[in-house]
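Enquirer: Residue-level listing of the chains:
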Amino acid sequence: MIIRDKPGLLQLLFSVRGSVLPKILPRVAFVTAFAAGLVWVDLNVLRLPHTNAAPFAVFGIALSLFLGFRNNAAHDRWWEGRKLWGKLIADMRSLARDAEIFVPDRADRHRLLTLALGFIHAHRLNLRQLPSRAAPANWLSEGDLKTPHPPCTKLNQMTEVVAAAAPDGFARRALAERIGSIALAQAGCERIATTPLPYVYSLLIFRTTYLYCGLIPFGLMDTAGWLTPVFVAIMAYIFIGLAEVTEELAHPFGETVNGLPLDAMCRTIEISLAPHLDMPTPAPLKADRFYLS
Amino acid sequence: MIIRDKPGLLQLLFSVRGSVLPKILPRVAFVTAFAAGLVWVDLNVLRLPHTNAAPFAVFGIALSLFLGFRNNAAHDRWWEGRKLWGKLIADMRSLARDAEIFVPDRADRHRLLTLALGFIHAHRLNLRQLPSRAAPANWLSEGDLKTPHPPCTKLNQMTEVVAAAAPDGFARRALAERIGSIALAQAGCERIATTPLPYVYSLLIFRTTYLYCGLIPFGLMDTAGWLTPVFVAIMAYIFIGLAEVTEELAHPFGETVNGLPLDAMCRTIEISLAPHLDMPTPAPLKADRFYLS
Amino acid sequence: MIIRDKPGLLQLLFSVRGSVLPKILPRVAFVTAFAAGLVWVDLNVLRLPHTNAAPFAVFGIALSLFLGFRNNAAHDRWWEGRKLWGKLIADMRSLARDAEIFVPDRADRHRLLTLALGFIHAHRLNLRQLPSRAAPANWLSEGDLKTPHPPCTKLNQMTEVVAAAAPDGFARRALAERIGSIALAQAGCERIATTPLPYVYSLLIFRTTYLYCGLIPFGLMDTAGWLTPVFVAIMAYIFIGLAEVTEELAHPFGETVNGLPLDAMCRTIEISLAPHLDMPTPAPLKADRFYLS
Amino acid sequence: MIIRDKPGLLQLLFSVRGSVLPKILPRVAFVTAFAAGLVWVDLNVLRLPHTNAAPFAVFGIALSLFLGFRNNAAHDRWWEGRKLWGKLIADMRSLARDAEIFVPDRADRHRLLTLALGFIHAHRLNLRQLPSRAAPANWLSEGDLKTPHPPCTKLNQMTEVVAAAAPDGFARRALAERIGSIALAQAGCERIATTPLPYVYSLLIFRTTYLYCGLIPFGLMDTAGWLTPVFVAIMAYIFIGLAEVTEELAHPFGETVNGLPLDAMCRTIEISLAPHLDMPTPAPLKADRFYLS
Amino acid sequence: MIIRDKPGLLQLLFSVRGSVLPKILPRVAFVTAFAAGLVWVDLNVLRLPHTNAAPFAVFGIALSLFLGFRNNAAHDRWWEGRKLWGKLIADMRSLARDAEIFVPDRADRHRLLTLALGFIHAHRLNLRQLPSRAAPANWLSEGDLKTPHPPCTKLNQMTEVVAAAAPDGFARRALAERIGSIALAQAGCERIATTPLPYVYSLLIFRTTYLYCGLIPFGLMDTAGWLTPVFVAIMAYIFIGLAEVTEELAHPFGETVNGLPLDAMCRTIEISLAPHLDMPTPAPLKADRFYLS
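Protein chains in written order, with the numbering used here: chain B, 1 to 293; chain X, 1 to 293; chain P, 1 to 293; chain Y, 1 to 293; chain W, 1 to 293.
Honestly, the hints are just simulated from the structure, not real lab data.
Some hints here could point you the wrong way.
One copy or two, it doesn't matter: identical chains are merged, so the pair holds either way.
[Claimed, not checked] Here are the simulated EDC-like pairs of lysine to aspartate or glutamate, each with C-alpha atoms no more than 20 Å apart in a straight line: (1) Lys-146 / Glu-270; (2) Lys-146 / Asp-278; (3) Lys-23 / Glu-244; (4) Lys-146 / Asp-222; (5) Lys-87 / Asp-76; (6) Lys-87 / Asp-263; (7) Lys-83 / Glu-255; (8) Lys-87 / Glu-177.
None of the values given here were measured: they were computed from a predicted structure.
Just need the whole structure built from these sequences, with the hints factored in.
Expert: Set out below in structure tokens:
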């Protein structure tokens, strides 16, 4: 995630870090060159059929409708991913507090919270599909990572601790509910990670965008002349740029510049649980060149 | 569901798998041919009444409004269906953990979870209206499938196990709440499956789409000439294509290419419950030619 | 509610059942005749002031904004009504299961569920403002229906059974929470039934629609000539049709073709509760000429 | 709140009760007169600069965006206010039922419910900022109304009754949760009442509306001539009317014609609680000339 | 937050307090001057390429789409922030009432609520990133503020009081759930404060806005002449103004004029808790020149 103050005018216009421009430049250039070629042919070789801009109005409305929908859907996925992780942070803190209240034995509490930290890292690895070697050795063992579903394995181990350490029905209920709440947020994250936006939208949107950018020169040449490629470039920047942004936001757990900072949030949880584990508090992660991983 | 990486340019333009194009091609062709016929008549036989594109602007806005609404409503149904199944996955895992904590007897636990797996398959069969022979014999018996509502039958059987096996009030409360939570997600799925989008919208939208595609040549012929059928083809592709996509998404439990992968999610639940049932973990389902059933 | 497969092309264009066309035909005809009259006067009697279509663009945007808002609000009311009834179905099933777990005496359980079925029918009668004679005699007595608020009366009677039959605090808590959850869904339905969309919107929308349809001929006559009444007819169909549809959807508990099938849902609940009451399972309601009441 | 059947054509066009027209007439007249003046000057005195309607297209889109946003936000506040009161109605009924189940002593129950009715009236007075003399003497004493926050005072008194009268932990938990749920709905209502829509939107919207209505004659005069003031009047009616409607809906607890019927809802609660208090059931409030207070 | 009655006509047009105009004036002036310069060059020096307004239609739609999305997202953040604080207010009041019911010892109760007030102030300081010297000394000690995360520290201290003072499992469950609910709202606020809207949107929106304002003179000059800078000024006011407003609303916990009144809400909580702490009730905060901090 890019963490940056409100940009000034110069930054806005020339900032590259965090912008999609570098990624889409070839496609924008291609579309612009195509438009310029059409204008050149029209002026020098052979008069092409012209049309006014009216048919493009509805075309543009449809395109806006598609992109508006996709943008909302992608941002909702991103924001829901963040909400679920926010819930996980709160649940982890509350698990530690519930343990203070309901689990009398200090060693049991430490075991439970250690497993919880293992869970959150296993969950992060699972969402980002990272290899086992990316796992922090102090929280996750080799054996954990070889099970079919490591985050569930850790939650099952936490369940065993609760079954053994809870002194009465109240404690069992409180801790079982907390683990259930964590499992619900976990399943929510997995839902977002495994269920992309329907593929058919990608086809519809990209096809419509390219058709639009390829045909609009016929509607603009008459009045805009050599300004035509400029307009086409801007529209390609807007439409292809937005399509690209939504592609990143729709996968909020990826390691892209617009992905959620899972590493930093795992660290936040470690900081919150440190006093309950009688451990030194680690330092929060800092953004590196505006990027927080 | 189609599982596919972000498509490249060529795939985007020529991909057929997962596209609605094959399904709507006859209708698009018909509308395009009609437009071409009008242009031919206009140029060679008899001058038809022409109009400029202005009246179509509002027409197009209304059409966008309808399609935008329908698209949002359909996608919401699809995504809510997925959310409910995500909740079922989480509830199934939590049921297994609750059983570990609250049910002392191992055989009772196994009975409960076996019934739960029967429930989830009966629920899947019910949502997809599959015949009994599609039922997995190890989880569902002939007798189960002959009851008036097999998923409810399985939940009732689970209730009997809980009533008999729960050692105290805490256990009864915890397991009854979990079954209630499963029943709520089940009823949500049945709501989506049995309550289509109001039929009147289908009529309004399809009628408006065909009227629009049939009339717009009168507005374009003047300026676009023989480009008219091209524009009509594109608009028909966009509007009929979107109408078709929303039709599929509005029935998220169907076995269409855009339906939800219920088989794969049932398998995910089997994988999650395997360690609690001391069973070998089955392999996750894989997409077959990008399609996950 | 209309239950119908995806309509074919012919059905789409000529279907009357479920369409709003018959209802709005007089108004559409009136507006169209007015437009035809204007064109006739303009061509034969006296040249009327003409204007181009530009001022209607913003007009149309405003109209779309109103209709889009109203459409969303109406559909949300309809879908929320369905959600609340889905929740009632789930709660009724869970009440039966909770009773199996928490109420030891079979006769008490039967009493509780009989009252629950009385509640759901009283709730249906109340929402649809049906007379007492529409009440099913096996679930609702004359006396019940004479109380100031029959659904609340039945819930109060259920409360008395719980207070008398629950053996311990766990049972009291579980059943009281279930009744509270039912009461919440009930109050939600009553909210929708008693609080219409703000009246002022009806005025704004209908006035704007008629002004628009009455003025647009002045903007179209120049270019569209005798096609003007055709366009006006289509726009009147779209705008008045949508206003009419939203009127029906905004009252989801009415007995209109787009109302929710409360009778069928009450039957679904009876089917679900039959095994718990040791009664024969009734048959589900079927749609009659595509209409499910 | 206006309670009225679907209006007929005549009512729609000439209804004044519930319409915003009387309130905005001076402003609409002023804007219209200004436009008429411009046309007169243009035709008779001095040719003003003309422009076509194109620049107003985007202007109009921006205005629609503002008004659409504000309309949605205002209606959401209104509907959320109604939802919270619906929840209060359900919670009050459930409180009465919980008391039947968990509080063994009839006098304690009566005390609790009497305080609850005091709370709901104190809450209503607080939301509407009514003076003490508007308080119903049978539910609220002078002393109650002199405390810093009367609704909280009543909830605190209810808490004291619960602390004294609950026979066991189950009862304490059930009643404390119910009071907490009531307090949550109360805080939600206070949130809506004390936090208006950001003031800056009012400025942006009103300024844009007046600028638009003041400038659009320059774009219409050319083609619309003396129809210009008619169009301006209609647009002013739509835009100022909508701004005014949203102003009322954004304050849902006010005593305006579009405000929520808090008096009637308090009466609904009194009706629901009467049988639990062994009191005669009061009559429901009726709309007075279509207005329900 | 600006607290002000519905503004009159004069206030609307000339109000500065609460308006974004002063902040964006330089940028609006710059864009306007650029447009005026272009018109001057076009008329006096060298005829620039002209285009009609059609290409700007789609451009404007895209811009509206961006701004509409951003406006909704920013307002949602602001309103969600307010909802979370409303929930905190309700939870604080309910915590005090739960303590009355479940904690028998008065000193324990006072300790718990004193810590709770410390939490809410620490939470406010944390959200606003205020220095320690801004902390109210009666609720927060030096030591508290030196811990890695002061709000969590206070919640941990509250947990310790609960673990020590709760007499039975019911009390432990009730108070642990309340603290968990507070922690959830706290994490929600921290989510909003630490996760800005994706940076890439800022780039896309600002770049598109400036490109639009810089290019639109070429489309307007032909018909609008010297009215061009007027239109450009208005559009710049609308688009840059909205971008600025959303920037403020997207950071709801800042101390801007549109930020949420955290100070006033902390005071509301102090007022609500005063009777439970047997303390004199403080006066509510008042707006200072319409501004409530």
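Enquirer: Hint by hint, note whether the structure agrees.
Expert: Status of the hints after comparison with the structure:
1. Lys-146 / Glu-270: Between. Shortest inter-copy distance 18 Å satisfies the 20 Å Cα cut-off; intra-copy 24 Å does not.
2. Lys-146 / Asp-278: Close across copies (17 Å), not inside one copy (29 Å); limit 20 Å.
3. Lys-23 / Glu-244: Intra 8 Å, inter 28 Å, cutoff 20 Å: intra-copy only.
4. Lys-146 / Asp-222: Classified as neither: same-chain Cα gap 65 Å, cross-chain 69 Å, threshold 20 Å.
5. Lys-87 / Asp-76: Intra 16 Å, inter 18 Å, cutoff 20 Å: intra and inter.
6. Lys-87 / Asp-263: Within one copy, since 16 Å is at most 20 Å while 26 Å is not.
7. Lys-83 / Glu-255: Cα proximity of Lys-83 and Glu-255: one copy only (18 Å, versus 24 Å across).
8. Lys-87 / Glu-177: both (14 Å within a copy, 15 Å between copies)
When held up to the earlier numbered hints, the structure conflicts with hint 4 and nothing else.
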